[in-house]
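These protein sequences, in sequence, are chains L and Z.
Here our numbering is used: position 400 in the first sequence is 436, and no number is missing along the way.
Here our numbering is used: position 148 in the second sequence is 1453, and no number is missing along the way.
Treat the hints with care, as some may be off.
[As the list claims (entries may be wrong)] One-sided excerpt, in silico: chain Z residues whose CB lies under 10 Å from chain L: (1) L1403; (2) E1404; (3) D1466.
Simulated from the structure, these hints should not be mistaken for lab results.
Positions of the beta carbon are idealized from the N, C-alpha and C atoms, including for glycine.
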Amino acid sequence: MARHKQVRSARGGQFLAAILIGLGIAGAFGAVGAWRFYRQLETQVANKFSGRRWDLPSRIYSAPFALFPGVHAERSGLLERLSRLGYVRVDGAPRQPGDYRFAEGRLLELALRKNPGSRDDARQVQLQLEEGRIVRMVAEDDGEEISVLELPGEPLAGIYDRVWESRQLVSVAEVPSLLVQAILAAEDRRFFEHAGVDWRAVLRALWVNMRAGGVQQGGSTLTQQLMKNFFLSTERTVQRKVVELLMAFIAERRYSKLEILESYLNEIYLGQVGAKGIFGIREGADFYFGKDPGNLTLGQTALLAGLIQAPNRYSPYHAPERALKRRNVVLNRMRRFGMITEADHRAAKAEAVGVRPAAEPPRVAPYYVDYVQEELAATHPAAVLTQDGLQIHTALDAELQRAAEQAVQGGLAELEQSYEWLRPRPNLPSLEACLVAIHPHTGEIKAMVGGRSYGQSQFNRVVQARRQVGSLFKPVVYAAALIHGHPDGSLWLPTSRVDDTPFEWAFDARVWKPANYADEYFGIVTIREALERSLNAATARAAHEVGLAPIVSTAHELGFDDGLPAVPAIVLGAGEATPLQVARVYAAFANDGLRPTPLATRRVETASGQILERRGIQLARAIPSDVAFMVTHMLRGVLERGTGRAGQLEVPAAGKTGTTDAYRDAWFAGYTPDLVTVVWVGFDQGRALKLPGSKAALPIWAHFMRMATAGRPGTPFRAPPGVTLTYIDPESGELATDQCPTAIEEAFPTGASPTSSCRIHSPSIPVTDGQNGGREQPQKSDGSRRRRWLPWPF
Amino acid sequence: MAALAVLAHLLSIVQILGLAACAPQRRPAGRVATVRRPPERSPAEQVRTRGAHTPTTPRSAPAPDAAFDPTRAAAGGLVEQAGVALSEGRIADAADLLERAVAVDPRFPGSYVQLARLHVEQGEPQLALAFLDKAEELTGDTATAAEIAMLRGAALEGLGDRDAARRAYERALSLTPDDGRARAGLTRTGGRPR
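Looking at chain L on its own, in the form it has when it is part of the complex (with noise of 0.2 Å):
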């Protein structure tokens, strides 16, 4: 029995030590595994600490904005500008800076904030305003005249890989004290005394949960937030958690409690616009209150501290009252803790919840970002400006780009509302249209509408749409009539003389018959008439003498690219080219013959502010500037008298229609002295539009025009050294006296400009056959005679 018992405490004692044991090697493996687990998570905190924290990405602006006097402060959108920019307009006099005060539209008071990477200081200015026009810019610290002021571009967009956070960095000691203890107060007071988590807290929070039988508090130091911001999900699991507190521990470890604030004030997400996300404390100032964190208010400072606990929730723009109560809570911490004073808690309790107006949608002018975008691609690898935070500064008017996108949009309902077949139907691809206006003496790209929705295709019209440019193209053909000159070697003239019938070009044993719209012929007519009136048959005639080389190498000169072909066709726009490309054309004859190369990116910076890249103005010489100027001058006539005269404007303008084969193409391009603007209207499949530009694209043209001359000063056409501007009369192409029912100005060049007077119209002057210019009554093609001559002009 004994024996029994001894060997069965042998066999227990036996048990014993194997469970030990196995006790024992297991706990060795668990701490060798606990171990590499804690080091593991040691390496992935000091990774994250010592490389990149965040992915910055790109931001896009558009172009500052120059005031002077001259400029409309209403009609050329400055309030909406200084809205966009998060200026608040406020009824006493502005005292931070980002106020301003607009008193009866004859005072603008305000109180600039400092552009992001400028040396300037910000300051107080004074506009003076006579009928909503600035008539002087004063500085309010010294009184002294200002001739020019520059508002900063405004943001249009991120450039980033999956997920948009907005983020502008910040160092800890940029961020006042004040804010600092807000975020204490809101979120862990204790933050400079723990060792990254609070003990104190968690048990507060374990019994409030408890009490209220599921989560209501929890008691995350600033550490752990960050720890599970950078590496953890959001679920609620205890595994989770205690990752989170070792994490914690670890930071708290080995890095600073300045560190990791500093980690903390950028890394904290503060709210949703859209598809970006603000982040970091800098970016939230500025996005709910368009300043910097240094100059908020207490009452600001305590909204901000306390959104960082539900940022949509507490948002001020959606739920106001909540918003204003949260910042209450956190203004009552803070006045327990001692962090303010009574009176100083009073008066932020008094404060209005003030933020600025609520941001625009995030993806302002689609395709002019995609075009920059692009741009961008060729010279920054996609990591570099999805992570890099440049800034990325281009030509775009954000002003003008809303008027554009409205004058496209607007249009395009017009034209399906009053043509029946023009409406959206069921699996037909609805009526398209772009426009994009360039600075001619710049090239810069001011606005770019690619189609009629972004949401429904990204298919940028204005760049990847190559198309029959048709009466576009004539301009071009009188442009190297007049530099090429007859191949007697005497000149081309506005007032020179083309036969308007029926006409053949045999070419490569084909025969090529242009015809007329509406196949009506006007006989001997001017060029200035052909172009007027948009004639075929005499611009090909024209053409024809001129020759087909002179005329590609002159469309080559002008910004057409080599494709086009060495056919007849071409004289009348057969060949093809996107819209941008005409406008280049175009901005060739208003800057004085003077090309330039298109330009959306004009500066790209590193997010301190060094200058990565610079794309300057580029000039060069297409045409001559006399040949330019005229080419303009029988333009405006368009206007005036011919094919655009829906278009007019009230400042000096010049245009030209174009339709295409079947009316596949409607459009049209014109120009002010500043601004060129190309409209083009049609379908994607080269269904007909059955419009000419006249009425499809001229419309969306003129819309457009028409707000973006407002508000600015007109400026007229100046002629160039060698143009010399003379009255004649239309009729005998002679000067122009009293006697004559009409006369208009034309431009010659210098020396060739009639010098006799009209003999058509004054009786002392016998009028012979020939002497007016061989005018034919118009007629049908079959030679049947439609309608009487009318006076011209008409």
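Put chain Z on the given structure of chain L with help from the hints.
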């Protein structure tokens, strides 16, 4: 050589500030706080700002216009800021400001002259020539025309076209016979100063 480059740089700054002064002056809203009185404009400048033409009047005929032109003043302000940027070695900022001056007042020759100068100094003579073309069409006063001819000479020299450069220097000297730079350019390109 380095001393020459520094001298050329200093000259550019002085000339930029000088050309900005051709515009009616008010203080630009930048760091510059200097205020100058608007100088009297030359008759040719006055013609430029008129823009519209009287029938049968050739462009070169003078016409009186003493009105203050705020657009020109704004462009002048930006050109002045460009001068300051250049003096601080901020070449890209200077170029940006000059280009913005072109956008504000495309008819102010001063912006084009200074852009041309920057491009000559940056070794981009082809670009400079286009700006000089533009400036030449806009300017009417002798001093600016001489400066344009001088810069054209330098740009053409940069392109290796000595004959054309020589002609440009000759023109510059015909307009301002005391211009030492044009004289030196003429000598370099094989011409003989008179």
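Satisfaction of the E1404(Z) interface hint, Cβ to chain L closer than 10 Å: Since chain L brings a Cβ to about 5 Å from E1404(Z), closer than 10 Å, the hint holds.
Interface restraint verdict for L1403(Z) against chain L (beta-carbon cut-off 10 Å): 9 Å, holds
Chain L contact restraint for D1466(Z) - C-beta distance below 10 Å: Violated, about 15 Å.
In this structure, the one hint that does not hold is number 3.
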